[in-house]
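Engineer: Spelled out from the first residue to the last, the chains are:
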Amino acid sequence: MALLDIRALSVDLPAPGGAIHALRRVDLTVTRGTIHGLIGESGCGKTMTAMALLGLLPRGADIGAERFLFDGMALRDVASSLRGRRIALISQDPAAALNPVLTIRRQIDDVLRAHHDLPRVARDARAVELLAATGLPDPARVLRSYPHQLSGGMQQRVVIAQALATGADLLIADEPTTALDVTIGAQVLALLRRLVQERGLTILMITHDMDVVAEVCDSATVLYAGTSVEDGPMSEVLTRPRHPYTRALLAALPDAGPPGTRLAAIEGRIPPPFEAIAGCAFAPRCAAAQAECRLRPPPERQDGQHRWTCLVERGTDDQAAA
Amino acid sequence: MGLGRYIFRRFILSAFVVVGVTFLVFVAAQVVPSDPAALYAGPRPSAEQIEKARAELHLEASLPERFIRFGKAMATGDFGVSYKSRRLISQDLAAFLPATLELAAFSTFLALLIGIPAGAFAAARRGGWLDRMGGLASIAAVAMPAFFLAMLLQFVFAKWLGVLPLSGRMSREIAISAPLAPVTGFALIDALLSRRFDAFGDALAHLILPALTLAAYPAGIAMRLTRSAMIEILERRHILAARALGLSGRRILFGHALPNAVGPALTVLGLSFAFALTGAVLVEIIFAWPGLGRYVSEAILSKDFPVIAAATLVVTLCYVAMNLVLDLAQALIDPRVTLK
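Protein chains in written order, with the numbering used here: chain A, 118 to 439; chain B, 109 to 448.
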């Protein structure tokens with residue numbers, strides 16, 4: 118059974134003059150012990166999906182879903198009690214995610230205290246152990262430090278240690294490398310990979326960075342305008358993308374074309390979140406769109422474990438990856 | 109910049125403030141249109157008596173010379189004698205200052221104890237009825253004149269409920285039959301030092317109403333400042349991160365958000381302590397509190413300049429010392445303060 122099993126998740130946020138469709142229709146299946154990428158541009162609903170999983174949606178949010186299950190439990194009812202116990206967040210931008218006026222010891226100890234009934238000495242030992250597990254040298258010194266005394270990479274490792282301190286089995290990593298240098302980012306990704314293998318964790322990796330997906334993810338879901346458009350094993354999605362949006366996204370990467378050519382940008386813009394969409398959300402920007410695409414929801418298609426939603430049938434040409 | 113250097117710098121700045129105030133007090137004395145010698149010489153003095161007083165007060169010396177003499181005397185705690193009573197000012201201050209300091213310190217403590225948590229709760233329940241009630245209460249606390257609040261408190265707690273004494277600093281039974289040994293002059297501390305818990309309770313009961321009166325204004329301000337600081341901080345990412353790690357709401361509010369918000373509240377604390385020291389005059393009179401306020405107001409009315417100067421300097425010193433302590437507290441709570 119998949120750890121996360123989500124079918125047709127929608128989230129509407131109340132707003133003056135009608136609801137905001139933060140999520141329109143998200144399908145998401147995450148298998149235990151894997152790293153699953155959640156890919157999309159900013160505003161596509163990645164973070165909103167994470168907040169829904171953590172039970173941290175704004176007040177008045179309206180959740181709808183055909184299935185919204187974590188380990189077989191209805192997340193809608195139990196998300197806030199699972200938060201920090203079974204599902205934890207590795208927050209983006211570690212400099213902002215750590216409290217500037219508290220020592221690292223306090224910030225890890227508070228997490229340990231919230232979830233484990235341990236005496237102080239045991240918690241201290243645990244904190245040292247967790248920091249060491251994230252590859253931080255001299256954990257004792259780190260514990261005494263304040264966030265501003267640590268580098269960005271060290272701060273990110275502390276944030277990961279906090280998430281580990283919860284004991285959760287699903288970690289949601291929200292853009293864990295965006296705030297870091299490329300080399301440090303690669304080290305953090307390797308660390309996450311190692312933690313998944315050693316501790317049997319499952320990670321939902323929220324990112325807009327295809328390189329991150331290629332480097333650590335086992336599988337991935339592509340989001341567009343609050344809708345999941347394509348889903349499958351990492352190699353399938355990246356090398357044989359089926360949905361026109363995924364293709365356009367990959368074609369827009371700086372190293373996609375031969376040197377000297379212009380970058381391929383996706384024309385048009387994301388549909389505004391308050392707009393109702395009858396057909397395919399990507400149709401207005403899609404080169405292959407037909408008249409019918411705008412009228413009715415695109416059918417789901419499947420090829421092995423690879424799933425996508427598109428009206429236009431097409432073969433597995435490797436045109437986008439070339 | 110390290111903590112040590114930070115404290116050292118604060119200390120030097122404070123010394124400048126004290127010297128500056130000494131200078132201002134001296135200048136003010138020269139500008140006031142009255143003849144100190146005539147005041148010093150007593151009622152209806154003869155010409156010789158005034159001449160004699162002029163010599164005793166060194167009024168013939170040059171201004172710089174007199175300023176240095178004045179500064180030296182102040183630095184050594186030799187405040188001279190009162191023009192009116194001829195008593196040693198340092199002795200009077202030793203008798204009156206502790207009572208005022210005790211009142212000011214306790215009221216400032218109360219202001220914090222009420223204002224900061226109230227502001228934190230209001231921020232957590234922003235827009236709710238608790239927040240609205242708190243907003244009203246803080247406006248009332250800031251706007252209500254001290255004399256009115258004092259009488260209101262006296263009416264409710266002393267007259268109507270009869271649970272707290274109306275005025276004074278000690279019950280007559282204790283003050284006369286078994287007085288406290290004045291070690292520090294602070295009744296609460298002296299009572300604890302001599303293990304007189306009956307006297308401690310009595311002193312505390314006498315302290316509550318005047319301290320509450322003085323605390324209302326700073327508590328209201330501290331609440332509003334804490335509330336607005338907390339609202340901004342609760343939006344920060346590290347608060348969301350703490351929630352996403354499953355920390356309890358109370359832990360986040362008081363353990364994570366509040367330490368970020370006490371900076372502005374502590375700053376206002378320094379001001380409110382000064383407010384309590386000067387505002388004590390009226391409150392001391394209403395509550396028959398044997399403090400500096402009444403002593404100084406009488407001195408002002410009779411142009412008893414050495415008393416005014418000494419009291420001004422001592423209050424300045426207290427204020428400066430309080431701010432030093434606050435700066436230190438702030439540096440201990442927020443380690444980034446020493447970097448600025």
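Among the hints, a few may not be true.
[Unchecked claim] On the chain A side, residues computed to face chain B include the following (Cβ under 8 Å): (1) 174; (2) 175; (3) 200; (4) 202; (5) 210; (6) 213; (7) 219; (8) 231; (9) 232; (10) 235; (11) 267; (12) 301; (13) 314; (14) 318.
[Stated by the list, open to error] Beta-carbon label-pair distances, calculated as ranges: (15) 128/B with 177/A: 55 to 63 Å; (16) 135/A with 359/B: 49 to 57 Å; (17) 359/B with 131/A: 25 to 33 Å; (18) 307/A with 429/B: 52 to 60 Å; (19) 253/B with 202/A: 50 to 58 Å; (20) 250/B with 179/A: 37 to 45 Å.
Think of the hints as simulated: they come from the structure by calculation, not from any bench.
Keep in mind that this is a model prediction, so the values were computed, not measured.
Backbone N, C-alpha and C define an ideal beta-carbon position, used for all residues, glycine too.
Engineer: Each hint: holds or not?
Structural biologist: Results for each hint:
no.: 1; hint: 174; result: 12 Å, violated
no.: 2; hint: 175; result: 11 Å, violated
no.: 3; hint: 200; result: 5 Å, holds
no.: 4; hint: 202; result: 6 Å, holds
no.: 5; hint: 210; result: 7 Å, holds
no.: 6; hint: 213; result: 4 Å, holds
no.: 7; hint: 219; result: 7 Å, holds
no.: 8; hint: 231; result: 5 Å, holds
no.: 9; hint: 232; result: 6 Å, holds
no.: 10; hint: 235; result: 15 Å, violated
no.: 11; hint: 267; result: 12 Å, violated
no.: 12; hint: 301; result: 20 Å, violated
no.: 13; hint: 314; result: 23 Å, violated
no.: 14; hint: 318; result: 15 Å, violated
no.: 15; hint: 128/B with 177/A: 55 to 63 Å; result: 56 Å, holds
no.: 16; hint: 135/A with 359/B: 49 to 57 Å; result: 37 Å, violated
no.: 17; hint: 359/B with 131/A: 25 to 33 Å; result: 29 Å, holds
no.: 18; hint: 307/A with 429/B: 52 to 60 Å; result: 55 Å, holds
no.: 19; hint: 253/B with 202/A: 50 to 58 Å; result: 53 Å, holds
no.: 20; hint: 250/B with 179/A: 37 to 45 Å; result: 41 Å, holds
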